[in-house]
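**Q** Using the sequences and the hints given, assemble the complete structure.
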Amino acid sequence: MALTREQIEHIAHLARLELRPQEIPVYQKSLSAILEFVGELDRADTASVTPMAHPLPGLSQRLREDAVTETDRHELFQANAPQVAAGLYLVPRVIE
Amino acid sequence: MSHSTQTLMQLANGLRAREFSSVELTRDALRRIDASQPVLNAFITVMHEQALAAAAQADRALAAGSAGPLSGLPIVHKDLFCTQGVRTTCGSRMLEDFVSPYDATVVAKLKSAGAITLGKSNMDEFAMGSSNENSFYGPVRNPWNTALVPGGSSGGSAALVAARLAPAATGTDTGGSIRQPAALCGVTGIKPTYGRVSRYGMVAFASSLDQAGVIATSVEDAALILREMAGFDPKDSTSVDRPVPDYCATLDAPLAGLTIGLLQEFFDKGLERENEARIREALAVYEGLGARLQEVSLPNLPLSVPAYYVVAPAECSSNLARFDGVRYGHRCREPRDLLDLYKRSRGEGFGAEVKRRIMTGTYVLSAGYYDAYYLKAQKVRQLIAADFKRAFGSVDVLMGPTTPTPAFAIGAKTADPITMYLNDIYTIGANLAGLPAVSIPCGFVGALPVGLQIVGPHFSEARLLNVAHAFQRETAWHTRTPEGFR
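Protein chains in written order, with this note's numbering: chain V, 146 to 241; chain S, 84 to 569.
Just so you know, these hints were derived from the structure itself, not from any lab. Certain hints may be false.
[Said to hold, decoys possible] Calculated pairs, DSS-like style, for lysine-lysine (alpha carbon to alpha carbon, straight line, at most 30 Å): (1) S/194 - V/174; (2) S/318 - S/462; (3) S/318 - S/194; (4) V/174 - S/472; (5) S/318 - S/192; (6) S/472 - S/352; (7) V/174 - S/352; (8) S/472 - S/462; (9) S/496 - V/174; (10) S/496 - S/426; (11) S/496 - S/352; (12) S/352 - S/192.
[Said to hold, decoys possible] Ranges of calculated distance between the beta carbons of each label pair, as one might list FRET restraints: (13) V/198 - S/230: 38 to 46 Å; (14) V/232 - S/167: 18 to 26 Å; (15) S/364 - V/184: 35 to 43 Å; (16) S/132 - V/232: 26 to 34 Å; (17) V/240 - S/449: 27 to 35 Å; (18) S/530 - V/210: 51 to 59 Å.
Backbone N, C-alpha and C fix where the C-beta goes; we use that ideal spot for every residue, glycine too.
**A** Okay, structure coming up:
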């Protein structure tokens, strides 16, 4: 199936990716080819198959105690942030 | 004096006998790494000062008799493992300036065992690629022929071990990213069972597939490192609480009575004739060791690549949503508003293949398509896992090629993503089923190495390493070193 220019723009918007105009036809072509390729999965009869939920049979995600185990190191973590003030992450104004 | 062709075992003995110091070893490795960089580009960051300081500390520990099992031995981490106080880029512009505030569990464990980190190896951006051409920091070159790719995504780790710049390096394997580059570079690589090694501090790509492992020049060395890396970690919710066997202790167990399953689906039309010949020769070596060969068929295995290219992009689109230009990572200049900040920071920070996978994943998870793609793929994945389980009912291990061809030219497969994706046709099955798998060098096609893949049941690492080591006792392919890097 071939994806349209509008579909690529919509997917990019959902994924919060700005594409340059010349990138759009490239992704139109390659994503269409990938979807056709993964369409091979339709060959498999999966009518009575439960989807895999964990790669190890019988295991599921472990839960931990709801206890404090980490100390407050926000200054260290915020050292990697593009813009910080007074311990807060700064972004463009959201509410006028 | 260069220690480049010595194994970890030999180096460990030399250090303990005080034949040389860790500082000497480290200085020698750093010198060779610096000289190799313009040729191979296997490193994103070389940690000169930190490595020498750690080596001096290891020498004191060795002198004081308080050394750990890996004290003073130099290793390299794929630049996907967080290293405290050291830049961790994951091969991306997005993390060009990211200095990790903490160590990944793998990094912390190897550090506490005494290993010296020489630096961070180059890789495909966010581990998405099979050629290392997707790195923001430039491609890595194959030491056997620098016009060729080393494979990927752990291409830097495989190339640097092949070039004997370090005796071992960590890697990660989501669809073949340890085994495929190990095969193309003529080195040994192991991807353990899903959950065997902690993923804490690994930059996440596809969380139900990602697993850390090791690349080394021999199975013996890989076992030595894996023994220290593996184990339960409460910080990783998918880590399995199960004791770690002493992988080194069982390496020499006899193979008599071993049943090897030949994966029929791996000997397909895509497998080049000369590659197949090397694999058949390796199988004959195993027969000589008393193993029995039995053909097995996994009928759903040919669907592993399509299943992977739904599941992995879906998980990637979700995992990489964290890169928002707010808390860490690249931020665009002068954003107009919050949406513009997100879109341009991500559009600029991610490379072409990463964007392709994020969009593929976003599409297959989007409203109306989830059942047709994602759910269908997870069902097919279940069928593939069941095929493996059935096979392990009658054989101990499965064998086949790691890759269909030897290393290919830089630029040869970049035009068509699907051609590139098919490089992992023989490796992806083990990831989908969470199984451990090894690739070992088993000969050459022309001047290029070929890898034999061995897959085992869940948590059979000790047996896999034993089986792989038996081959390396009989053959010398793994001791071959590329010209110019001896």
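**Q** Compare the structure with each hint and give your call.
**A** Hint by hint, here is what the structure shows:
A C-alpha spacing of about 46 Å is found between residue 194 of chain S and residue 174 of chain V, which places the hinted pair above 30 Å, so the restraint is violated. Proximity of residue 318 of chain S to residue 462 of chain S is assessed by CA-CA distance (about 29 Å); at most 30 Å being required, the pair is judged to hold. Between residue 318 of chain S and residue 194 of chain S, the direct Cα distance comes to roughly 18 Å. Compliance with the 30 Å bound is thereby established for this hinted pair. Of the pairs offered as hints, the one joining residue 174 of chain V and residue 472 of chain S is violated, with about 38 Å between alpha carbons and a cut-off of 30 Å exceeded.
With a C-alpha separation of about 13 Å, the suggested pairing of residue 318 of chain S with residue 192 of chain S holds against the 30 Å cut-off. Between residue 472 of chain S and residue 352 of chain S the alpha-carbon distance is near 25 Å, which keeps this suggested pair within the 30 Å criterion. A hinted pair counts as satisfied when its Cα atoms are at most 30 Å apart, and residue 174 of chain V with residue 352 of chain S qualifies at roughly 27 Å. Taking the CA atoms of residue 472 of chain S and residue 462 of chain S, the gap is about 15 Å. The hint holds against a cut of 30 Å.
Proposed proximity of residue 496 of chain S and residue 174 of chain V is supported: the alpha carbons are some 16 Å apart, at most 30 Å. Proximity of residue 496 of chain S to residue 426 of chain S is assessed by CA-CA distance (about 29 Å); at most 30 Å being required, the pair is judged to hold. At most 30 Å may separate the alpha-carbon atoms for a hinted pair to count; residue 496 of chain S and residue 352 of chain S meet this at roughly 19 Å. Of the supplied pair hints, the one linking residue 352 of chain S and residue 192 of chain S is violated, its CA atoms being roughly 43 Å apart against a limit of 30 Å.
The hinted window of 38 to 46 Å between residue 198 of chain V and residue 230 of chain S holds, with their beta carbons roughly 45 Å apart. Remark: the range hint 18 to 26 Å for residue 232 of chain V to residue 167 of chain S is upheld by a beta-carbon distance near 22 Å. Taking the beta carbon of each, residue 364 of chain S and residue 184 of chain V are about 38 Å apart, inside 35 to 43 Å as hinted. Remark: the range hint 26 to 34 Å for residue 132 of chain S to residue 232 of chain V is upheld by a beta-carbon distance near 31 Å.
Between residue 240 of chain V and residue 449 of chain S the beta carbon distance is about 29 Å. The supplied range of 27 to 35 Å therefore holds. Separated by about 57 Å at the C-beta atoms, residue 530 of chain S and residue 210 of chain V satisfy the suggested range of 51 to 59 Å.
Taken one by one, the earlier hints fail for this structure at numbers 1, 4, 12, listed in ascending order.
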